[in-house]
Structures are given as structure tokens and as C-alpha cells.
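2 protein chains.
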Amino acid sequence: MEHAVVERWGVFELSLPGRAEGNPFTDYAIHGRFEGHHEDVMVSGFYDGNGIWKIRFMPSYTGEYRYTVWGSFSDREAVGTFRVTEATGSNHGPVRVSWQYHFAYADGTPFYPLGTTCYVWTQQPDERIRETLRSLEEARFNKIRFCILPKHYDYNLGEPRTYPFEGTPMDSSVLTKENFMDYTGNAAGNHFDFTRPNPEHFRHLEECILALQRAGIEADLIVMHPYDRWGFSCMGREADDLYWNYVIARFSAFRNVWWSLANEYDLMRAKTTDDWEHFGTLLVQGDPYGHLRSIHNCIPFYDHTRPWITHCSIQRQDLYRGAEYTDEWRKQFGKPVVLDEIAYEGNIQHGWGNITGEEMIRRFWEGAVRGGYPGHGETFLNPEEILWWSHGGVLHGESWKRVGFLLDVLNSVPGNGLRCLPAEWDSVCGIPEDEALARKTGYRLYYYSFMRPSFREFHIDDTTPYRAEVIDTWNMTVTDAGTHRGRFRVDLPARQYMAVRLSRC
Amino acid sequence: MEHAVVERWGVFELSLPGRAEGNPFTDYAIHGRFEGHHEDVMVSGFYDGNGIWKIRFMPSYTGEYRYTVWGSFSDREAVGTFRVTEATGSNHGPVRVSWQYHFAYADGTPFYPLGTTCYVWTQQPDERIRETLRSLEEARFNKIRFCILPKHYDYNLGEPRTYPFEGTPMDSSVLTKENFMDYTGNAAGNHFDFTRPNPEHFRHLEECILALQRAGIEADLIVMHPYDRWGFSCMGREADDLYWNYVIARFSAFRNVWWSLANEYDLMRAKTTDDWEHFGTLLVQGDPYGHLRSIHNCIPFYDHTRPWITHCSIQRQDLYRGAEYTDEWRKQFGKPVVLDEIAYEGNIQHGWGNITGEEMIRRFWEGAVRGGYPGHGETFLNPEEILWWSHGGVLHGESWKRVGFLLDVLNSVPGNGLRCLPAEWDSVCGIPEDEALARKTGYRLYYYSFMRPSFREFHIDDTTPYRAEVIDTWNMTVTDAGTHRGRFRVDLPARQYMAVRLSRC
Chain A
1 MEHAVVERWG
11 VFELSLPGRA
21 EGNPFTDYAI
31 HGRFEGHHED
41 VMVSGFYDGN
51 GIWKIRFMPS
61 YTGEYRYTVW
71 GSFSDREAVG
81 TFRVTEATGS
91 NHGPVRVSWQ
101 YHFAYADGTP
111 FYPLGTTCYV
121 WTQQPDERIR
131 ETLRSLEEAR
141 FNKIRFCILP
151 KHYDYNLGEP
161 RTYPFEGTPM
171 DSSVLTKENF
181 MDYTGNAAGN
191 HFDFTRPNPE
201 HFRHLEECIL
211 ALQRAGIEAD
221 LIVMHPYDRW
231 GFSCMGREAD
241 DLYWNYVIAR
251 FSAFRNVWWS
261 LANEYDLMRA
271 KTTDDWEHFG
281 TLLVQGDPYG
291 HLRSIHNCIP
301 FYDHTRPWIT
311 HCSIQRQDLY
321 RGAEYTDEWR
331 KQFGKPVVLD
341 EIAYEGNIQH
351 GWGNITGEEM
361 IRRFWEGAVR
371 GGYPGHGETF
381 LNPEEILWWS
391 HGGVLHGESW
401 KRVGFLLDVL
411 NSVPGNGLRC
421 LPAEWDSVCG
431 IPEDEALARK
441 TGYRLYYYSF
451 MRPSFREFHI
461 DDTTPYRAEV
471 IDTWNMTVTD
481 AGTHRGRFRV
491 DLPARQYMAV
501 RLSRC
Chain B
1 MEHAVVERWG
11 VFELSLPGRA
21 EGNPFTDYAI
31 HGRFEGHHED
41 VMVSGFYDGN
51 GIWKIRFMPS
61 YTGEYRYTVW
71 GSFSDREAVG
81 TFRVTEATGS
91 NHGPVRVSWQ
101 YHFAYADGTP
111 FYPLGTTCYV
121 WTQQPDERIR
131 ETLRSLEEAR
141 FNKIRFCILP
151 KHYDYNLGEP
161 RTYPFEGTPM
171 DSSVLTKENF
181 MDYTGNAAGN
191 HFDFTRPNPE
201 HFRHLEECIL
211 ALQRAGIEAD
221 LIVMHPYDRW
231 GFSCMGREAD
241 DLYWNYVIAR
251 FSAFRNVWWS
261 LANEYDLMRA
271 KTTDDWEHFG
281 TLLVQGDPYG
291 HLRSIHNCIP
301 FYDHTRPWIT
311 HCSIQRQDLY
321 RGAEYTDEWR
331 KQFGKPVVLD
341 EIAYEGNIQH
351 GWGNITGEEM
361 IRRFWEGAVR
371 GGYPGHGETF
381 LNPEEILWWS
391 HGGVLHGESW
401 KRVGFLLDVL
411 NSVPGNGLRC
421 LPAEWDSVCG
431 IPEDEALARK
441 TGYRLYYYSF
451 MRPSFREFHI
461 DDTTPYRAEV
471 IDTWNMTVTD
481 AGTHRGRFRV
491 DLPARQYMAV
501 RLSRC
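If you read the sequences in order, they're chains A and B.
For what it's worth, my numbering labels the leading residue of the first sequence as 1, then goes sequentially.
For what it's worth, my numbering labels the leading residue of the second sequence as 1, then goes sequentially.
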């Protein structure tokens, strides 16, 4: 084999012919050891169909590596070397927790996740997938949550483009908006072999993950979910383990992968806390790169203090207050707070899917200034029943246009992120998490939410000069409001959704 | 004395010459007994200055009454009779608690308090007082909270038109927006004699109470409050008692009086729970008509389960959620919930005084549909610094225009008021408090708040026909949405602030 070259945090992949007889997914195994000067990593590979076995590795360092690949998949060991070069372009490595409550890429660049959700965008026709990618880039979302498995739910009653296992599904033509909830879990008419993953399904997901990677977008993979009529939500421990190990072997080497164990884990009646702890352990053991790990609630939060959980992935529990609890959740769990569902901008019948763009952006700012990371979603009815929340496509609302502006503001925060001061009762004030930087820069970001002050008064100290700026978070303007010392007043336009940014001159 | 005639729930008043030497307010007393066929009531009168003593009585029944008035104010007893005729016009008597969580006039007519607050509207020039009365009527407010004592606070730094005691105040020209908080309680320069109430101050208040009465508006009298530079908030028990007894003697006989022991009682540092319990007892003993009694918080609620408290007078404790807790407060306290402060529509600097008209009306509906009674307030900056919240005058906002519409909807509720069903998580549904009426009428009032459903589905039962109406609470329209049975769908315009009303055909 020729001497391969791969970028740091890129993927080194080997494709090897091997055994295909019997059931390759259960009967054989493939393992690899990847040794560089700074790491020595063992991973498992996977059967990709057609007699081809693959194994993938993401190097975390530069320099020379050598590998050995072996296992019952083949009588022959594969050995070789490759060289890892510096990362280039937008490759900053995988995202890690930074400063306890925040995120940064492996190279230290701060990462402020402002994401969205399109549960099964990968299951749509190619043209819609391209449309989704264009929409994501235009909105400057830098994270997207989506499912590995197909989805059965209102507006999602048809067949996905592929199934994750060999077999045949029940006839979806019997489903209607009225009866679909009668078909849950393993409904009659499904014939799937949970011991035989369908490589095509996963290969397509990889293409989507890589397309996101090229666009600088993190792929928050939802490994399990309850919206199911095929039985994938209740396969049993043995089949679950095969699925998890297959997923881990296929996807771990992509630097932009995050693991979400489940969406609305508490709606998965067939699973227990023991199961989730077990899957968490599988991830910790099977993913040598330590990609971010979370588990997302419908009603009760999972215990986000569990050691395998890297950050809170939160769906708000209260119809009225949500992002406003961000600072309390930080205290409670001691981890980054990602507000992955704070309701959807839209107009469907359900209260989780019909808030205004203004309210969405208000929740974004409430969450962000309190040191958390809000997530977007959109559910507008249309004759084609193509809803961003599930299918991706084009965006119809108003909030997505204002996400990039918040991202710009966050990028201007000294250090790696904000924490919330116990400020005035009627405003929230974010300062840099890094205490020394906070002192040095005097940076303060006040947010006034739905309130409409005509002015606000400030008195940080008697002597330090502060530059004041008025930020209109809805109209996306930043207006200089002069330099002040001691007690001073900043005039505001008495509109909702305003902020004031102070910084030491 | 001629044989007087007075209306049921009107005021029978005697003016008698009496002793004026020494300090009539402390040295002498006046008592009266009023006997009719159905009641036998003892009350105290008061010194009105210039050698005149007065005693007032509000008869609760029709027919012949006789009275005896005696006391150290005079050597002579006064005796006589009068006749009480039926109430006429808009006189329905004083408001009582009805159906545990609601209100009705003494004649049984339901009363749905939708009030406002103008703390010291009575202390303004005559022309502004007339303007306030016109504004109240135009907005159809049926209750107003205001102070008996003058107010010292931002936008309220000048002299009131009268002081409640004889004496001279500190020089208000030293006060500025920056220093006014330095002058609290009994500041230097005040010379008041707390043993000598100023009858002119109280006489003027009576005129205002009567003007409200003529307009069908309840006068929710705030007897004490903390916004003070003259010492009225910290007079000590003896002076407090003299003040309370004077107030009770003067105002109890007016049918439209409600007693609010204090505004933001918890900010009155000189007062203890023992004091409030004592004042509550004075009211129970001194007001024989049992006018409604409450005590209003800044932060912590008073224990509204105390027996002398007739209803909860609530200031919301949470910046984000307020009226949404109405049903929980009903459960907690077992009494009517009056949301006397849910923030003010306006644009001042403080978060309690700068919400939008939309948010105010949203809070009104959230509170009302949950079986509570929301209150309005307005704080718009203007060059004259005449803010409705304190001074009355004209209304500048948008919410007041929509209060009468809610009142009309409440008036259409079968029975005496609403209670909240444990309905869908994403809507609130009010039904008649009276279970039998609820069953008989099938009345249901669903409210969707800031959510924007394009439609909602209903399924009360399989057979009963329901008439559906779509209510736009902001644009104040009621649109017929047909008659339906079984599972049915009501289309909505995907705007905020919509409601659906169902009633059995």
C-alpha cells in the first residue's frame, strides 16, 4: 500500500476485502491499532456490504503513524504507515467542552453552538438535501440535530429513502393523520432483520455528515428516538448493541460528530435508565475521540450530572419560561447548557411548534446572555407538508435571519463565552466566563427581552471609562452610545428586544 | 330632624355640632346604633373639623330604621328614624366574595373586577381628576387602586394637594431624581401632628370615592404604603390606630370601598406581621359591612389564608411568568385571585413598567381564563411626567382599549366566573365555576396566548353538538366557526392572542 497522507482530524480509512458468508455483521470482527508519537488508539471497523470491510481512524496529532488491522473478517493482517499533516482551512478538529460551560474546537478556537433541528433531512430526496444544506449555510447555523433512524410521526407517514436494516416495512398507505398514533413500535407487517444493518442507509448518512463538515456544521446525531412504527425503538439489548457498535464504528472518525443518545428518551417506553447508562458506556468505550455526548428529554431531564454526559441537551419543560432557566441549569448540572428545543417558530396546532420569530429570537438571547446555547427550529404548515423541523428544505420564518447576528455578537465576547451576573432583577447581564478577562475588558452585555425601557442607568464604578453600544437584536443594528464614566444613562428606543453592550475603553 | 329617606346601600349621615376644644381627634368619641328589622349595627363617627362631628351608616336592608348617637363629643344624645328604600339604577350594593373564587354585588349580580391603578390620582388638580374619571369610564375599568396617603417616589416628588395630618412638610425643592431615595420615612424638616388628621384631605377623598361610585367603579383604598418622606409609614402603633380608626369611620359606609391594608407591605420596614394582623382586626371590628380586605406584596406574598383576608391581591413575583400561576394561587390560598399588578404597559426604565399592550392583554386573558381577575396599569414617559400609574390623566397605551371586550366575554360566562380545566398542556381552558352550569351549558373558553395554531382539534364527546366561535382577543372580534359534533377541527388565523369558545347548542 502506498504511503497515505491525511490531515490532522481528518479520516484515515482502510477498505479491505474479507469474509461475506453467513452473517458478516455478527459472525466476524475487524479491529485496528493506530500508533503515532502521541497516541496509540484501538478501534473497531465494520462490514460495508459486498465483501468489503472498513476501518476508520481520526488522528489527533501530526506526524508518522503506523497501523495494524486484524480480526476474524480475514485471515490476513493489514499493516502500514501514513503521515498526518497539519489541519487546513476550516478544520479546527472536533468540538470539546471548554471553560466548563462552553465549547471550543480541539485547536482552541471557541465554538458557540447555534444550531437547528431537521430530524430526518437526510431521508429526503437529493434536491431537498441540497436545499437544506444551502439553507443551513445561509442562516449560518453551525450545528444540526438529526436522526439516524427513520421517523414515524405527523407529517412523516411516508417511507424513508432507505431503512437501516435489511427487510421490508409495513404498508404505509394505511396511515392517516387520524390513525398514525395507533402504529407504534413494532407494528404488524414489518419484517426487519435487526442482525443485518443496511450499509446503504449508513453510507448515505456519512455523505450528509461530510457535507455538513465541509460547511463547518456540527452533526448532532440522534442515535435513538421514539417516533417509530418499524420496531427500531424496541429491538432488545442484543440488537441495540449491534446497532450502537455499528454506528460507533462507522461515524466516530468524523470530527464534526456529536452523539445524542436519544431524542425524548423518556418517551421510549421500552428503554430504562440501565439501558441509557449502558449505551453511554458503549460510547465512552467505543469512541476513542471522546465526541460530545448528551441525551435529550421530552419532560423530565435525564440526570445530566452523569459522568458520561458532556453537556445538557435541553428541551424546555415550561410553556412560558425556558431559556430564562439557563443560568439555573448551569448551576444544577455544572456543564454546558445547550437549549436544543425551546419551541419551534411556526403555526402548527401544537404549542411546541407555533411561536413567533420574535419570541424565538428573544429565547435565543435570553439563553445566550445567560451563558447557554439556544437552538432553532421551524414548523410552518404548507401544502407540500415539508416542515423544516423534520424535512429541512427552505426556511419560512423570521428568526433564522437573525441567528448569524447573535453569532457575531458572541464571537466578539472576550474569551470563550458568557456567564450571567446576578444583575438587576429586570435585565440579564452576561460577562466573560474568564474572570480575569472580565475584569480586564469590562465587557458587559445587558439584555432587556420583551421589556421596553426608554433608557437605562449604569454605575459600574466612579472612574473607569466605558464605551456603550445599543444593540437592536431584532433589527440587527449596533449603535454607538458614547463613552461614559461613573453614573451614566444610555437612551434606548423603547422597543422590545434591545441590548446594551459596555466595554472598557 | 325630618324623617330622612335613604337608598339601600346608600349612606345615612348625621352631622352634629360638638366639642372642638383641646384635641377633638383624641379627647372625645362619637358612637351610633342603627336598628332596622334585619340588622342592629354599632359604628363610630369622626370629627370633621370646625366643631362638626359626623357619623355614617350604610343600611343593608329596606324598611324603617331608628338610630341613637351618643358619646363624649356632646352632652346630648341624638335619636331619630329614617326609611330605607330599594336600591335604584346601578346600585347593586357592596361587592362580596361569591362561589369562593369570585365576586358578586350584595344583590347577587356577578362582578368581574377588571381594574387599574393610579396611586395618587386624588392628589392631582381638579381638571386632571375629571380627566381620570373620564378615562376610567371610557376604558370600562370597574375598580381602581389608590392611596389614602400621599406618595413620594420617582415622578412623584412635588407636594400633594393636601396632607393627611396637620403640620408642615419638608421642603420638596431639595429633591431630585438622583437623591430622592435618600429621603425615606420621617425625613428631617417634617413637622406633622399625627394626633390631628386633616379633615380636608379625607373630605376630598370621599368626593373621589363618590365620583367613582357614580361611575360604577370600586374604590380599592390602599391604607398604607412605603413611598414616604413625611413619616406616615412609621408613625408608631398609637398614631397608626388613630389613623386607621379615622379612616374606617369616614369611609366604611361607602358601598364601593375595598380595603387594601398596604401596597408592597413587605417594603414597610417599620411594620411587622403583628401590625398587619392588628390592622386586619381593626377592620374586621370597625367596618360592620365587611368590605373586601386584602394586602398587596412587593416580593413575598402575605399569608392570604389568614381569616381576615377576603381575597389575594397579587403582584407577580416572576419577571416572565405571572398570570399563568393564577390557578395555582387559587389552589394555594382557596380565595379569589386578583392580579393587581402584573406589570405596567409603558416605556419607563424599570422592568415592572415597560411591557407592551399585547403582553398586558395576554396576561389579562391568561389570568381571566384561569379564574382570576387581572389588573391594568400604565407607565408611559411624557414631558409633563404625568404617568397614569400615579397621576391618572389620559391613557396612552393600547391595552386599556381591550379591557371592555374581555369584560363582555366574562359577562357572557354562565354563572359567576370561570375555573381552569386541566386541559391540554399548550392551551388553557376556562369553564363555569358552577359544575352544574358547566355541564348544562358545555361552555368552554380556550385561550392560546402567544401561540399561533393554524387550527385546533376538539373532541369533547361523540354526540353533543357544540357551537364554536373564534375570538380574536387583540382585534376584539368574535367569529362564528360553525356547529360540530364528535371530533372536529376549528381553523384559526395563525396569529397570537386567539381564543376558541365552545357552547352546547
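Fair warning: there could be bad hints in the mix.
Which stretches of chain B does chain A cover? Using the computed rule of at least three CB atoms under 8 Å from a CB of chain A, they are [what the hints assert, rightly or not]:
| # | stretch |
| --- | --- |
| 1 | 315 to 323 |
| 2 | 343 to 355 |
| 3 | 422 to 432 |
| 4 | 451 to 465 |
Label-pair distances were calculated between CB atoms; the ranges are [as the list claims (entries may be wrong)]:
| # | chain 1 | residue 1 | chain 2 | residue 2 | range |
| --- | --- | --- | --- | --- | --- |
| 5 | B | K401 | A | T273 | 50 to 60 Å |
| 6 | A | Q100 | B | D171 | 27 to 37 Å |
| 7 | A | R487 | B | K401 | 37 to 47 Å |
| 8 | B | R161 | A | R485 | 36 to 46 Å |
I should point out that these hints are in silico values taken from the structure, not numbers from a laboratory.
Ideal placement from N, C-alpha and C gives every residue a C-beta, glycine not left out.
With a C-beta cutoff of 8 Å, work out whether three or more residues of the stretch 315 to 323 of chain B approach chain A closely enough for the coverage to hold. holds (count 4)
Is the hinted range of 36 to 46 Å satisfied by the C-beta distance from R161 (chain B) to R485 (chain A)? holds, 41 Å
Can you tell me if the stretch 422 to 432 of chain B counts as covered by chain A, using C-beta to C-beta distances under 8 Å and a minimum of three residues? holds (count 4)
A range of 50 to 60 Å was offered for this pair. Does it hold for the Cβ distance of K401 (chain B) and T273 (chain A)? holds, 54 Å
Within 37 to 47 Å or not, the Cβ separation of R487 (chain A) and K401 (chain B)? Holds, since R487 (chain A) and K401 (chain B) (Cβ atoms, about 38 Å apart) stay within the stated range.
Closer than 8 Å Cβ to Cβ for three or more residues is the test here. Does the stretch 343 to 355 of chain B pass it with chain A? holds (count 9)
Using C-beta distances, would you say chain A covers the stretch 451 to 465 of chain B, given that this needs three or more residues below 8 Å? Result for this restraint: holds, n = 7.
Is the gap between the beta carbons of Q100 (chain A) and D171 (chain B) within 27 to 37 Å? violated, 55 Å
Going down the numbered hints, you'll see the structure goes against just number 6.
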